[in-house]
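A.B. asks: Counting along the sequence shown from 1, when you hit position 131 you're at 114 in the working numbering, and nothing is skipped either side.
Check each hint, because a few of them may be wrong.
Label pairs and their in silico Cβ distance ranges [to be verified]:
#1 Asp80 / Thr(-2): 29 to 35 Å
#2 Asp(-5) / Thr77: 30 to 36 Å
#3 Asp119 / Asp8: 30 to 36 Å
#4 Gly108 / Arg88: 19 to 25 Å
FYI, nobody ran anything at the bench for these hints, they're computed from the structure.
Backbone N, C-alpha and C define an ideal beta-carbon position, used for all residues, glycine too.
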Amino acid sequence: MSSMVHFFVAADDRTAATALEHGPDGSFPSLTCGNFDADLALIEWASLFTGRSFDELLQSGEPRDVAGDDAGSGSLVVAAPDGLVTDLSVATDTRLDRLAGLWARQRAAEGDAFDRELALDILTGLAALARTAATDGQGLYCWVA
-16 MSSMVHFFVA ADDRTAATAL EHGPDGSFPS LTCGNFDADL ALIEWASLFT
34 GRSFDELLQS GEPRDVAGDD AGSGSLVVAA PDGLVTDLSV ATDTRLDRLA
84 GLWARQRAAE GDAFDRELAL DILTGLAALA RTAATDGQGL YCWVA
């Protein structure tokens, strides 16, 4: 599980990789979240939006690793799946609310206590970043440490 999760918008993979050492704060539009498994969440969200199975999405190679910390500190930058970025960028408040409830229940079934309100806050913030990424022709990334 990640100890810090920051979603952010960057022009491309190379630019996003510059966040590896210190994170994206101050350099990129970003959303800071609490402690959860961001790689898992990206796949779960994509599954909830598309109806595709978790395993199918995982086998597709998403989310894609952009940069990893070879020094062993555990920092990682991953690219959010393009389809998820598109889905988030056009999601209505009603759809985000519905998905937040589904995700919170899914996490609870796995033993993670996730409040629906917190799930909605995360998805709403992520949707705003996805809109910025889509509008500016950029990508949505996640930095975890």
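A.B. asks: Each hint needs a verdict: does it hold in this structure or not?
C.D. replies: Here is what the structure says about each hint:
One distance hint, 29 to 35 Å for the beta-carbon pair Asp80 and Thr(-2), holds here, with the actual separation near 32 Å. Distance hint check for Asp(-5) and Thr77: the Cβ-Cβ separation is about 33 Å, which falls inside the suggested range of 30 to 36 Å. Hint check: Asp119 to Asp8, Cβ distance near 19 Å, so the stated range 30 to 36 Å is violated. The supplied range of 19 to 25 Å is met by Gly108 and Arg88, whose beta-carbon atoms lie about 20 Å from each other.
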